[in-house]
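**Q** As you go down the protein sequences, you meet chains S and V in turn. Residues in the first sequence are numbered consecutively from 1, following my numbering. Residues in the second sequence are numbered consecutively from 1, following my numbering.
Don't read these hints as lab results, they were simulated from the structure. Heads up, a few of these hints could be off.
[Said to hold, decoys possible] The list that follows gives simulated cross-link-like pairs (lysine-lysine, DSBU-like), each with its CA atoms no further than 35 Å apart:
hint	chain 1	residue 1	chain 2	residue 2
1	V	Lys164	S	Lys126
2	S	Lys109	V	Lys187
3	V	Lys151	V	Lys164
4	S	Lys166	V	Lys164
[Claimed, not checked] Pulled from the structure, derived: some chain S residues nowhere near chain V, Cβ distances all over 10 Å:
hint	residue
5	Ala29
6	Gly30
7	Gly146
8	Arg155
9	Pro163
10	Thr179
[To be verified] Covered by chain S, per the in silico footprint, the following chain V stretches (three or more residues, Cβ under 8 Å):
hint	stretch
11	16-27
12	70-79
13	182-192
Keep in mind that this is a model prediction, so the values were computed, not measured. Idealized CB from N, CA, C, for every residue including glycine.
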Amino acid sequence: MRILLVYAHPCRESFVSGLKDMAVETLTAGGHEVSVVDLYDEGFSAVLTAEERRAYHDEGDNLKGIERHVELLRQTEALVLVYPTWWYGMPAILKGWFDRVWVPGVAFKMPAGPNQPLRPALSNIKTVTVITTAGAPNWFTWFYMGHPAKKVLMRGIRMLCAPGAKGRWYCHYSMDSSTPESRTKYLEKVRSALKSL
Amino acid sequence: MRVLAIRAHPFDDGLNMALFERVLTGLNRGGHEIDVFDLYEAGFQPVMDAEERRRYHDPAVNQIGVEAHLERLLAADGLVFCYPTWNFGVPAILKGYLDRVFVPEVTFTLDPKKLAGTFGGLKKIRRLGFVTTYGAKKTIVEKVMGDPVKKVLVRGVSRLCAPKAKKDWLPLYDMNNPDAERIDRFKQQVENVFSTW
Numbered sequence: 001m002r003i004l005l006v007y008a009h010p011c012r013e014s015f016v017s018g019l020k021d022m023a024v025e026t027l028t029a030g031g032h033e034v035s036v037v038d039l040y041d042e043g044f045s046a047v048l049t050a051e052e053r054r055a056y057h058d059e060g061d062n063l064k065g066i067e068r069h070v071e072l073l074r075q076t077e078a079l080v081l082v083y084p085t086w087w088y089g090m091p092a093i094l095k096g097w098f099d100r101v102w103v104p105g106v107a108f109k110m111p112a113g114p115n116q117p118l119r120p121a122l123s124n125i126k127t128v129t130v131i132t133t134a135g136a137p138n139w140f141t142w143f144y145m146g147h148p149a150k151k152v153l154m155r156g157i158r159m160l161c162a163p164g165a166k167g168r169w170y171c172h173y174s175m176d177s178s179t180p181e182s183r184t185k186y187l188e189k190v191r192s193a194l195k196s197l
Numbered sequence: 001m002r003v004l005a006i007r008a009h010p011f012d013d014g015l016n017m018a019l020f021e022r023v024l025t026g027l028n029r030g031g032h033e034i035d036v037f038d039l040y041e042a043g044f045q046p047v048m049d050a051e052e053r054r055r056y057h058d059p060a061v062n063q064i065g066v067e068a069h070l071e072r073l074l075a076a077d078g079l080v081f082c083y084p085t086w087n088f089g090v091p092a093i094l095k096g097y098l099d100r101v102f103v104p105e106v107t108f109t110l111d112p113k114k115l116a117g118t119f120g121g122l123k124k125i126r127r128l129g130f131v132t133t134y135g136a137k138k139t140i141v142e143k144v145m146g147d148p149v150k151k152v153l154v155r156g157v158s159r160l161c162a163p164k165a166k167k168d169w170l171p172l173y174d175m176n177n178p179d180a181e182r183i184d185r186f187k188q189q190v191e192n193v194f195s196t197w
């Protein structure tokens, strides 16, 4: 399977960086063709500019500067996101990747007429997998916060752009009180899940 | 009152600017001292880098590089965010403001013994205002999506950093089907709300 893995963490020594290495290794060993987009490493510009915003709804013009990312997105059969959860969501650099790359004509089509829904445009994507870590505990994230990060990616972006895609969500909660054992356990759980992607 | 008014939109005209001007007009009626921070105009850099991430949890050094932003935040009695909702979240430039400026032990303190006992660090802030636009209809945002961006800002960030502040949440929905009269009413509502601050 063709897999696009998008990774967003600034530190090479981080646990999340280790998760990314494990994911690339496991998926490659599984015979998949893996393309890695390391947003920090390539210095991805997170900010949608005025010029980009003006061209946002012009399908074609809105691809300027993001051609490679769009090509990767259109070719992939599986999307894997690896990032730390900051303030209940993606780091700004990854949010910027969605703001700038998931544009009309690429991720979805604008409504055909008034009060019509947006239409999905990434039916090539069969699975969306999220591998992340969060400081907050699981129960707090669900019961108090209503898990906004998962809703944005799995309910919002996945349903809008690739509604047939299967969603898989892996998160090590309570990172602030994590132990080497809890981290290893999580890493192994994700590794075995990726073997059957 | 001293109010920090933060804006996040690439256009220096258009609806977001019009709404922001109504915020300022309303605030001016109350004779408040206004500190305007237009993230795009200031060229705010939203991506937390490796060094910042490494010192994030250490209050002795986690303010390095964002001192001026923290000074403005800590001096404020009121805080306003005016932004468009993109991909079910705040624009990356605003997400990065939260990632980089809202550092622990300054804007909030976590008590590991009791989650409910987090301490708001922005003690001066009495009023919080959020002015935003959504492409989607209210029913989709609330019933289908569970309004993740509102949960992040109001339940997450506000509760953690300024738990006692009175909050004004002002959303304009369904901008994929704009209606001039509805927009005008909303602009007036925004001005009215901030004139009560």
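**Q** Each hint should be assessed against the structure and marked as holding or not.
**A** Status of each hint after checking the structure:
1. Lys164/V to Lys126/S: violated (45 Å)
2. Lys109/S to Lys187/V: Holds - the C-alpha atoms of Lys187/V and Lys109/S are around 29 Å apart, at most 35 Å.
3. Lys151/V to Lys164/V: holds (16 Å)
4. Lys166/S to Lys164/V: Violated, because 41 Å separates the two Cα atoms, which is more than 35 Å.
5. Ala29: holds (29 Å)
6. Gly30: Fine: 30 Å to the nearest Cβ keeps Gly30/S off the interface.
7. Gly146: violated (5 Å)
8. Arg155: Violated, since 6 Å does not exceed 10 Å.
9. Pro163: holds (12 Å)
10. Thr179: Correct as stated: the minimum Cβ-Cβ distance to chain V is 14 Å, above 10 Å.
11. 16-27: n = 0 at 8 Å, threshold three: violated.
12. 70-79: violated (count 0)
13. 182-192: Answer violated; 0 residues pass the 8 Å Cβ test.
The structure does not agree with the numbered hints 1, 4, 7, 8, 11, 12, 13 stated previously, though it agrees with the rest.
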